[in-house]
Structures are given as structure tokens and as C-alpha cells.
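Taking numbering that gives the first Met the number 0, the leading residue of the sequence shown gets 0, the next gets one more, and so forth.
Here are the in silico distance ranges between beta carbons for each label pair:
| no. | residue 1 | residue 2 | range |
| --- | --- | --- | --- |
| 1 | Ser105 | Thr10 | 31 to 37 angstroms |
| 2 | Ile29 | Gly74 | 17 to 23 angstroms |
| 3 | Leu56 | Lys19 | 16 to 22 angstroms |
Lysine-lysine pairs mimicking DSS-like chemistry, simulated, CA-CA at most 25 angstroms apart:
| no. | residue 1 | residue 2 |
| --- | --- | --- |
| 4 | Lys19 | Lys54 |
| 5 | Lys54 | Lys88 |
| 6 | Lys11 | Lys87 |
| 7 | Lys87 | Lys107 |
| 8 | Lys54 | Lys87 |
| 9 | Lys89 | Lys54 |
| 10 | Lys107 | Lys89 |
| 11 | Lys54 | Lys11 |
| 12 | Lys88 | Lys107 |
Derived from the structure by calculation, the hints contain no laboratory data.
Glycine included, C-beta positions come from ideal geometry on N, C-alpha and C.
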Amino acid sequence: MYRIFISGPYTKGDIALNVKRAMDLANELINLGFAPYFPHLTHFLHMNNWQPYEKWLELDCEYLILCDGVIRIQGESAGADNEVQLAKKKNITVFFSLNEVVDFFSTKD
Numbered sequence: 000m001y002r003i004f005i006s007g008p009y010t011k012g013d014i015a016l017n018v019k020r021a022m023d024l025a026n027e028l029i030n031l032g033f034a035p036y037f038p039h040l041t042h043f044l045h046m047n048n049w050q051p052y053e054k055w056l057e058l059d060c061e062y063l064i065l066c067d068g069v070i071r072i073q074g075e076s077a078g079a080d081n082e083v084q085l086a087k088k089k090n091i092t093v094f095f096s097l098n099e100v101v102d103f104f105s106t107k108d
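Required output: the full structure, derived from the provided sequences and hints.
As C-alpha cells, then:
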């Protein structure tokens, strides 16, 4: 099962909508047989136990480097842009659509 990191806006725009978009994409990936990691769910941890924003970014990067790919959700996000840069630095493929993910990994099986 391939691990896909979902990277996208969180604090820019409507946070609830950003979390929902990431959750919807995660569900699509799960249904296609992938194992998504989506840092947007730390939103709920943050509500329960506040941490500085930088701490969440640090934790996200620890998971990103374990993933087989990163999918970038459209929208302005400095954090997501940094995640894409880290992925490229670690030679992790970055995708910009679900179709790209499916096409890429279907050739690996």
C-alpha cells in the first residue's frame, strides 16, 4: 500500500473547508487502495492540546519523508509550498491531481 501525503492550504481561507477538502481527498485515496496521511487532522489535536504552528509543521515533515508521494491541493499555502520543496529535496514525487497519483502508481504494481 502506497503512502500519500496530502499537502494543501489550512490557515488561508476557511479552515473548516480546507480540512473537509483534505478529508474528501483522503477518502478517495483510501477507496483506491492508498494509505493517506493528511496533516489537516491535527486540527482536532490542536483543539484539544494547543501547540505552536511550527510544532505542527515539524511533525508533518516527519511523516512526509516516510511517504511514497505527495499530492498538493490547490490554493495559497506557505506551509504546503515548503512541504513540496521538502518532498522534492527527498526525491519524493509530487502530484497535483488524483489522476496523476493513480496513473503513476498503477505502473508500479
